[in-house]
Amino acid sequence: MRVMAQMAMVMNLDKCIGCHTCSVTCKQAWTNRTGVEYVWFNNVETRPGQGYPRRYEDQERWRGGWELNKKGRLALKAGGRFKKLITIFANPVLPSLDDYYEPWTYDYETLTNAPLQEHTPVARPKSLITGKDMKISWSANWDDDLGGSSEHGEKDVLLNQVSEKIKLEFEQTFMFYLPRICEHCLNPSCAASCPSGAIYKREEDGIVLVDQDKCRGWRMCVTGCPYKKVYFNHRTGKAEKCTFCFPRVEVGLPTVCSETCVGRLRYIGLVLYDADKVLEAASTPDDKDLYEAQRGVFLDPDDPQVIAEAEKADIPRDWIEAAQRSPIHALINTFKVALPLHPEYRTMPMVWYIPPLSPVVDAVRDTGRDAEDHGNLFAAVDALRIPVDYLAQLFTAGDPAPVDAVLRRLAAMRAYMRDINLGREPDASIPESVGMGEEQMYDMYRLLALAKYDERYVIPAAHAEQAHSLEELATECSLDYEGGPGMGGSGPFGETSGGAAPIAVENFHALRDRQTSDTPAAPTGKETRVNLLNWDGKGSPPGLFPPGNGDGPGSPDSGGEVEPRP
Amino acid sequence: MTASQQHLTLAVESGTGGILLWVALPYVSLAVFVLGHVWRYRYDKFGWTTRSSQLYERRLLRIGSPLFHFGILFVLLGHIGGLLIPESWTHAVGISEHTYHVLAVVVGTIAGVCTVGGLVILIYRRRTVGPVFSATTRNDKAMYLSLAVTIGLGLAATVAANIVGGGYNYRETISPWFRSLFYLQPDPDLMTGVPVLFQLHALSALLLFAAWPFTRLVHMLTAPLGYLTRPYIVYRSRDTQLGSRAPHRGWERIR
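So the protein sequences, as listed, match chains A and B.
Counting in my numbering, the first sequence runs from 1 upward without gaps.
Counting in my numbering, the second sequence runs from 567 upward without gaps.
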């Protein structure tokens with residue numbers, strides 16, 4: 001047994017209202033720079049729908065993830081090492097910008113510069129790729145809320161895998177939202193695809209990162225990731241991906257997407273797993289067994305033997321305790337309501353989902369029956385094959401049984417809790433019918449409905465004695481927008497060449513600039529800045545008086561505070 | 567042996583110019599090549615990339631890029647064979663001058679045509695496809711020019727010597743000169759009698775090597791051959807560097 005800790009997330013899809021706050025705040029924090037305009041580390045897709053990039057789930061086309069080869073061994077679907085190197089000069093299955101969208105801005109200047117005229121001036125859309133006028137025809141959420149319509153729903157990859165009858169009835173059935181981030185897989189095919197070895201999985205918390213100094217822009221990772229969550233920065237020529245907000249997680253804060261989630265549907269916590277079993281589990285012959293196989297890789301953090309092994313593996317005590325309190329462990333293993341997204345890609349994804357019960361509830365309510373009654377709900381779960389089959393395509397490689405079980409558990413919780421809320425005698429037979437105890441059912445309700453911040457996010461801080469230097473981040477920093485403090489302008493070799501300025505140095509310069517500037521904003525004339533707060537009255541700082549002749553009071557060589565101390 | 571005697575007589579006439587061109591320049595460009603790469607690797611690891619433009623356009627790239635890259639790899643192999651391996655060695659394994667020559671010209675011409683064809687497609691693409699052109703820096707343009715001139719001169723020299731002329735045995739002049747640079751006994755006299763196209767090709771290549779570390783061509787030096795041997799999944803620990811310190815002695819975990 002080789003115990004490793006993995007930072008993981010669960011999202012409760014019943015609660016997602018599709019507000020895109022997670023996407024927007026993530027973009028503000030991480031990808032508001034040139035070259036990554038089209039990059040959404042977090043996006044929210046309408047399901048059924050095409051997703052982002054369009055039809056990314058069509059692995060016969062995009063060749064992402066792993067597959068079992070003829071010998072039954074795990075192999076990259078897009079081809080092994082040799083094939084990767086042979087096709088390195090032009091990746092045959094790289095999505096083009098058309099599969100995402102062409103980013104644009106508006107010519108806002110016209111609005112203020114236009115001469116007086118009869119018609120209101122218009123800010124034309126300008127392509128951020130060519131700089132020319134463009135016609136906007138697609139964007140990141142172009143089919144938002146339209147997923148079930150005949151125009152967009154038909155293009156859903158999963159719909160083509162369920163039967164013809166379902167396809168026809170589909171638009172009358174249901175729609176839900178699917179927020180997606182990088183899965184931080186246990187068996188990441190992006191890392192396996194990287195010729196340079198720049199993508200790595202952190203030993204401590206399992207976060208998958210791109211070393212920006214080692215990435216050479218061979219773009220095989222974009223193909224390798226079946227979720228298409230590695231993006232190519234077309235200005236710097238480097239791959240970028242969701243970082244699980246590691247600078248925040250390292251100090252015990254949840255990711256930006258979780259922190260700002262309006263529906264509070266995200267849970268973050270640790271999972272302990274047996275690294276020796278990952279390959280075997282990922283090589284499970286039948287796609288439909290992959291969900292159970294992956295659950296088999298996880299270890300019970302309360303098992304004394306696991307604790308002993310974890311301590312041997314140098315996992316700190318407070319991390320083990322955090323793993324015991326982990327909402328992820330509870331949702332995946334104790335309550336068994338969370339399911340992995342597309343386990344059939346065999347990457348062992350670590351962002352799991354609680355499938356939505358709402359389509360079933362809505363269908364029951366529409367018939368005029370009691371949508372809180374477990375009998376009605378159970379019958380509906382059995383009868384409504386369409387949402388269940390579709391959810392099974394998403395979460396269990398097409399096997400409806402686990403989805404059925406989860407939905408029944410959620411329905412039972414709904415019915416059981418109604419009795420309690422209405423002050424009626426709780427019916428113990430309801431939890432029993434889904435194989436749970438009354439107390440366990442209430443705990444699940446607590447975690448799904450009431451859990452506060454510190455219950456939803458159980459994130460042990462990184463240990464300083466083994467910390468990645470928080471000072472010198474290996475990946476991009478949100479200050480690196482153009483002209484921002486992280487940039488220092490373009491180097492001689494194109495966009496953002498030159499070493500990233502260490503943050504300590506940046507802080508020093510920023511502090512010095514602020515201390516030595518006359519105005520709080522946009523200081524001009526740097527050479528004449530003076531800092532009276534730091535002036536101790538001895539001599540005269542340069543810039544305090546207009547330059548005189550010779551060694552007058554304004555002479556730069558005179559005493560006083562010359563170099564402010566930050 | 568008449569050819570080499572002829573060159574020896576010409577060698578007497580080489581003077582300061584010859585030394586500058588065939589001794590000083592090669593060493594300067596070699597030094598810039600090596601030190602430049604060291605400096606760039608230390609200063610600008612983040613800028614060390616292919617800066618692929620495949621995201622913008624892929625139809626032309628899928629033809630042009632492999633054509634050019636595989637072509638230039640064969641050209642590179644040919645140059646290693648022609649410049650570094652002495653004529654006496656190929657004689658010793660029984661390859662006659664004629665066989666070598668025919669082989670070199672045939673393979674070299676095919677590889678050269680592929681390279682030039684690929685380069686033409688790539689330059690055409692770079693100029694005509696809007697997004698690709700707007701992502702082209704001045705540095706790129708200078709690099710493309712210098713690369714195209716070098717490759718063009720090389721192909722022209724081969725074609726001129728073998729098709730127009732009766733063939734030229736560079737392995738008696740250019741190759742010994744090239745090797746002499748590495749013995750630290752440079753012999754500029756060997757180069758003074760060489761046909762002018764070969765001379766220009768060598769000079770432009772030397773200039774290209776000097777510019778190499780400062781262009782996107784650096785990606786060649788990090789060709790990911792290590793991929794063939796490393797394990798698929800890379801695990802890395804958070805570094806213990808700045809802002810953290812090792813636990814004090816006496817606090818090691820008891821196993």
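Just so you know, these hints were derived from the structure itself, not from any lab.
Predicted model, so just to flag it, every value in this text is computed and none were measured.
Ideal placement from N, C-alpha and C gives every residue a C-beta, glycine not left out.
Keep in mind that a hint or two might mislead.
What the hints assert, rightly or not - Each pair of labels, with its calculated beta carbon distance range:
1) 686(B) - 86(A): 53 to 59 Å
2) 453(A) - 629(B): 51 to 57 Å
3) 686(B) - 313(A): 43 to 49 Å
4) 795(B) - 379(A): 56 to 62 Å
5) 803(B) - 453(A): 25 to 31 Å
6) 318(A) - 794(B): 55 to 61 Å
7) 123(A) - 696(B): 17 to 23 Å
8) 801(B) - 107(A): 47 to 53 Å
9) 58(A) - 773(B): 47 to 53 Å
10) 313(A) - 590(B): 39 to 45 Å
11) 601(B) - 80(A): 55 to 61 Å
12) 601(B) - 60(A): 48 to 54 Å
13) 114(A) - 803(B): 55 to 61 Å
Now for the hints, and whether the structure bears them out:
1. 686(B) - 86(A): 53 to 59 Å: 23 Å, violated
2. 453(A) - 629(B): 51 to 57 Å: Holds, since residue 453(A) and residue 629(B) (Cβ atoms, about 55 Å apart) stay within the stated range.
3. 686(B) - 313(A): 43 to 49 Å: The hint (43 to 49 Å, Cβ to Cβ) is violated, given that residue 686(B) and residue 313(A) are roughly 57 Å apart.
4. 795(B) - 379(A): 56 to 62 Å: With a Cβ separation near 58 Å, residue 795(B) and residue 379(A) satisfy 56 to 62 Å, so the hint holds.
5. 803(B) - 453(A): 25 to 31 Å: 30 Å, holds
6. 318(A) - 794(B): 55 to 61 Å: This hint is violated: roughly 41 Å between Cβ atoms.
7. 123(A) - 696(B): 17 to 23 Å: At roughly 21 Å between Cβ atoms, residue 696(B) and residue 123(A) fall inside 17 to 23 Å, so the hint holds.
8. 801(B) - 107(A): 47 to 53 Å: 48 Å, holds
9. 58(A) - 773(B): 47 to 53 Å: 48 Å, holds
10. 313(A) - 590(B): 39 to 45 Å: Given about 60 Å between the Cβ atoms, the range is violated.
11. 601(B) - 80(A): 55 to 61 Å: Roughly 37 Å apart at Cβ, these two residues miss the hinted range, so it is violated.
12. 601(B) - 60(A): 48 to 54 Å: Since residue 601(B) and residue 60(A) have Cβ atoms about 50 Å apart, the given range 48 to 54 Å holds.
13. 114(A) - 803(B): 55 to 61 Å: 58 Å, holds
The earlier numbered hints that this structure contradicts are 1, 3, 6, 10, 11.
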